[in-house]
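Using the hints provided, position chain B relative to the given structure of chain A.
If you're matching them up, the sequences are chains A and B in order.
Going by the working numbering, the first sequence wraps up at 365, each residue one higher than the last.
Going by the working numbering, the second sequence wraps up at 121, each residue one higher than the last.
Where hints are given, some of them may not hold.
[Unchecked claim] Computed list of lysine-lysine pairs in DSS-like fashion (alpha-carbon distance at most 25 Å, straight line): (1) A:LYS47 <-> B:LYS59; (2) A:LYS47 <-> A:LYS167; (3) B:LYS100 <-> A:LYS20; (4) B:LYS98 <-> B:LYS117; (5) A:LYS208 <-> A:LYS6; (6) B:LYS100 <-> B:LYS59; (7) B:LYS117 <-> A:LYS347; (8) B:LYS48 <-> A:LYS287.
[Stated by the list, open to error] Covered by chain B, according to a simulated footprint, are these stretches of chain A (three or more residues, beta-carbon under 8 Å): (9) 287-295; (10) 298-312.
[To be verified] Sample of chain B residues lacking proximity to chain A, with all beta carbon distances greater than 12 Å (derived): (11) GLU71; (12) ASN87; (13) SER89; (14) TYR116.
Hints in this document: simulated from the structure, not taken from any laboratory.
Ideal placement from N, C-alpha and C gives every residue a C-beta, glycine not left out.
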Amino acid sequence: MTDAPKRTPLFDLHVELGGKMVDFAGWEMPVQYPMGIMGEHKQCREKAALFDVSHMGQVILRGENVGEKLETLCPQAYATLKEGKARYGFFTNEDGGIMDDLIVSNAGDHYFVVVNAALRHQDIPHMQANLDGVEVTEIFDRALVAVQGPKAEDVVGDLCPAARELKFMETTVAEIGGAECRISRLGYTGEDGYEISIPEADAIRVSKLFLAHDDCEPAGLGARDSLRLEAGLCLYGNDIDQSTSPIEASLSWAIQKRRKEEGGFPGAARIQKELAEGAAKKLVGIKPEGRAPARQGVEIQSEGGDTLGAITSGSFGPTVGGPVAMGYVAADQSAAGTKVNLIIRGKAQPAEIVALPFVTQNYKR
Amino acid sequence: MATYYSEDHEWITVEGDVATLGITQHAADQLGEVVFVEQRETGDEFEKGGEIGVIESVKAASEIYAPLDGEVVEVNEALADNPGALNESPEGDAWIYKIKLSDASQLDDLMDLDGYKALIG
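Next up, chain A with everything else stripped away, as it sits in the complex (with noise of 0.2 Å):
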């Protein structure tokens, strides 16, 4: 990317807060504030912390049948998403890979939907040119804020009593200081938490109402990956993309039990096909026995050396308290209990084979 590193409406906020910037995915992003990525991952499981998601897309789709239309494009039932709620998906190519995960949520009279900031270009056109009769918009003018943690409900709630009533997976509008925002109870770090969009003006004074909370502290990129990959969440372009099937990124809980039985989505063949005989490989937790971070690209052996398969997400896990990992192997390796060696800088280093996710997912159901 040639283009100067673009500016979310919290830009000067980070900076007020010392945040360390760096180009993510085109933008300008806090990778960390002076607390540091250990404290700020401890601070949102312990407490809360606010990280700018603004760099997603948000985007506002609008016409008839609007969730009948996006199960052409996705293997969710969004046709049947209730009003004020919201799903995780994925956009899935013709061959059964993840063009891109998103959430959706239906907002009564227009359908919200969130997507990658790698990928706003490649989505955005795709919904245009696949979603016949459906005005697709992308919002420019909003800051997206995610307030995570277990205390999120109080930094969120003192100000918007409304956000305390929503469960997980939940959406609604309501005014935080004055402003009117979109609040859905959702994240990507395994906490109970908010996304919050924000008109621009007002992004950085509702962000610092939150931040002038005892409990609440600012976080960074650094501490969401790591929080998420504790959650064992995937990340697009590591975790999952355009070759890896849903089946294979073990994310078949997010495909509803009709679509899978119906089909109709692009890749059916091969994802239907999975779902019977199961995928050649799959997306396991690692845990590395030593203390040394797997990260990307590691290769994974079986204890006889056969190759099984790579990391694709490796970090060290503050709340776990040692490294951590994802990775793919072959399914017929990938039981948990399963031991493997993992080649680091040519020594093959002991780990094994876990459950995802390293850490209880914490959601307010």
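Here is chain B on its own, set in the frame of chain A:
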């Protein structure tokens, strides 16, 4: 006891023909929180410019390069159990190696404190 600095953000203090090597506070601050240090063993020989270990932070892995030729005479074993010491006292307790120098004249290629301060700005 003189202290020298390398462009790879290492410090070296010399007593006789034994040098103690570590990373600077500036390097530690740039790395972020250190979670793992991979060190060579006593008796291993270093060649100037060669990779002599790895420091892993939450964010990424960073190689350590030898600023001098030499042989490891002591490894700071405490870093294995407490890698975070590299953030706390990188220029003190959290030294990484003691090295027997092969060629003391290589010290002339290193910087003094003023030179290093100019490098990091």
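Check each numbered hint against the structure and report the violated ones by number, ascending. 3, 6, 7, 8, 10, 12
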